[in-house]
Amino acid sequence: MMKMIFLKIGSIILISLFLLSLISTMSLASHEPIPHPLLMNGTILYVGGSGPGNFSTIQDAVDNASEGDIVFVYSGFYEENILITTSIQLIGMENSTTIIDGGGSDTVVSISADDTIIQGFSIQNAKDDANSAGVKISIADNVFIVENIIQNNRGLGILLQGPGTSGVKIMRNTIRNNSYGIYLFDSPQTLVLANNISNNGEGVYVVGSYASALVNNTIASRELGIHLESTYNFVVFGNWVVNNANGVYAFNSSEISFSNNTIGWNRWYGLWTKDCNNNIVNGNTIVNNIDVGLFLESSFDTTVINNLIWDNDNGIYLKDSAGNLIQRNNLRNNKVNGCFVAHTLIHRRNIWEMNYWERTRLLPYPVLGYIKLEKITISWINIDWAPLRQPPQSRIIKKLLSEGSIFYVGGNGPNNYSSIQAAINDAHSNDTIYVFNGTYYEAVLINKPLQLIGENKTTTFLEGNGTRDIITILADYVTVRDFGIQNGHFNILVNHSSYVNITENDIGSGLHGISVQNGCRRITISRNSFLENVYGLRIFSSTDVTMSSNNFYSFKINAFYFGTTLAHGRHHWNNNYWEEPRYLPYFIHGKIRLGNFSLMWFNIDWSPRASPY
1 MMKMIFLKIG SIILISLFLL SLISTMSLAS HEPIPHPLLM NGTILYVGGS
51 GPGNFSTIQD AVDNASEGDI VFVYSGFYEE NILITTSIQL IGMENSTTII
101 DGGGSDTVVS ISADDTIIQG FSIQNAKDDA NSAGVKISIA DNVFIVENII
151 QNNRGLGILL QGPGTSGVKI MRNTIRNNSY GIYLFDSPQT LVLANNISNN
201 GEGVYVVGSY ASALVNNTIA SRELGIHLES TYNFVVFGNW VVNNANGVYA
251 FNSSEISFSN NTIGWNRWYG LWTKDCNNNI VNGNTIVNNI DVGLFLESSF
301 DTTVINNLIW DNDNGIYLKD SAGNLIQRNN LRNNKVNGCF VAHTLIHRRN
351 IWEMNYWERT RLLPYPVLGY IKLEKITISW INIDWAPLRQ PPQSRIIKKL
401 LSEGSIFYVG GNGPNNYSSI QAAINDAHSN DTIYVFNGTY YEAVLINKPL
451 QLIGENKTTT FLEGNGTRDI ITILADYVTV RDFGIQNGHF NILVNHSSYV
501 NITENDIGSG LHGISVQNGC RRITISRNSF LENVYGLRIF SSTDVTMSSN
551 NFYSFKINAF YFGTTLAHGR HHWNNNYWEE PRYLPYFIHG KIRLGNFSLM
601 WFNIDWSPRA SPY
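The sequence shown: position 502 = 502 (this note's numbering), numbered continuously.
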């Protein structure tokens, strides 16, 4: 159970890889232009200063620059609204003395060119409306915003506006006194790293913008520190989220990793997730929040592990939430360490396991709650059957992110593999196999903990030709993600394995889409599409398989299970789409054979989807 964290971290491994490729930029010396392969050999154009050929306005220099040029701006006050449509570096001499002032008119710096760098400015006084910002990036990739002071913009500090904007890096800036510090709208693969974001109305506001990360920022806002909405595959790591009205709020999101943050001294809640699933809350310090430290509302299959939760009004509060694992947390000095409330009797249970409850506990620890029905309230309890006698030691996720190598398959790299199996054979535990677009005709055997990641499930195919098993998993802690897997006998076969994560794949035209068998446990299958298999999902003699947010369109049977003990009938189904809109709970049939007797069994998806995810 202690290794549960690796399962969900594996599910967001693309973000971890993204961070690893960028984190080294933190070591760059202050005020040096960010090196970039497209921008190293250009001409330098000067603005201000005393040179005879220098430009007097930034926009004139930008308009005269060609791709790859550097526009260097001397200290001064420039009242301009800059529009950048060519890939350049715009570099200020000193961010406290090189000031671009928008004069309260429109956006101060607008960027619509890939591979642009903005560094070393104070950027201020944008127009007061929702579409204007200190810096606005739209329809541009791989833009760097580095070491600026972005302040006193009555609208937005930094606005990333998609679709069409991705791969932006916002690093080591001071962002203060704006209505919103940073606003990311539908802008994937964004990295927000090591910024000081303070005294804004709201700190970081994210809508969409999947596969992005907030890392090592300080966020102290007048209202909400971090807002995440309708996103997934998102990393919130190592941030200091303090002295906000509210700390962190996540809505309608999944596969978010909240790890190693300090979330404290906020005037209401610390971390609140609502209508979320498959998130992980690991290794955080959640302290001194006036109301709730950690609040899960209508949230499912969240792993809450190795957190220090002290001195809040409520430590952990669950409302209408189920299937969550609360494990090895240190809860002390909260008015109520843990509690829950539900409005139905049919929710799956939450698991409280091996937590430290204020002091040494020799007996099972009851977690008190209520079930509030229309005309009656029933007292209820969950039980931590094995509370810890000593506080747990924190697990540092940063170590995980620094371990493991990446092996590339396909693509044009000089050392890339041509075979997925060859890369797996050379890999070690916790390595990642990244597979570029293409069709691969091979049977893949995974016999060690690793992540197998495709570039895109609509263009990265594993083809079985109707004659073989395509992926066979014989190891714990394996992730398979972002493939089209088709025409196999078993498209994916999981055998004698635990803590496997299969997510975001299109699995089609096989005899069996996925088969989980022979003593597997804690397998998570989420956000896959099962397309025209004879049998979509088969579970045989395994326990605690979780199926969440999948689409099922199978010829004969979407899902079934079989076992030889009652535990083999314990599986978790949530928010799946079953061939057509469903508005009532959906029954998944199975069979349990006890000796000579066979029992018909069933599980229930209590909240099936009315439309595909």
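Treat the hints with care, as some may be off.
What the hints assert, rightly or not - Below, simulated BS3-like cross-link-like pairs (lysine-lysine); rule was C-alpha separation at most 27 angstroms, straight line:
(1) K169 - K591
(2) K319 - K335
(3) K274 - K372
(4) K375 - K457
(5) K274 - K319
(6) K319 - K372
(7) K375 - K319
(8) K556 - K591
(9) K274 - K335
Since the hints were derived computationally from the structure, they do not count as laboratory data.
Quick caveat, the model's predicted, so the values are computed rather than measured.
Here is what the structure says about each hint:
1. K169 - K591: Violated, because 52 angstroms separates the two Cα atoms, which is more than 27 angstroms.
2. K319 - K335: Distance of about 17 angstroms is within 27 angstroms: holds.
3. K274 - K372: Holds. K274 to K372 sits at ~19 angstroms (cutoff 27 angstroms).
4. K375 - K457: Outside the cut-off at roughly 49 angstroms; violated.
5. K274 - K319: Within the cut-off at roughly 9 angstroms; holds.
6. K319 - K372: With Cα atoms ~11 angstroms apart, K319 and K372 stay inside 27 angstroms; holds.
7. K375 - K319: Distance of about 18 angstroms is within 27 angstroms: holds.
8. K556 - K591: Holds, at about 17 angstroms.
9. K274 - K335: Holds - the C-alpha atoms of K335 and K274 are around 23 angstroms apart, at most 27 angstroms.
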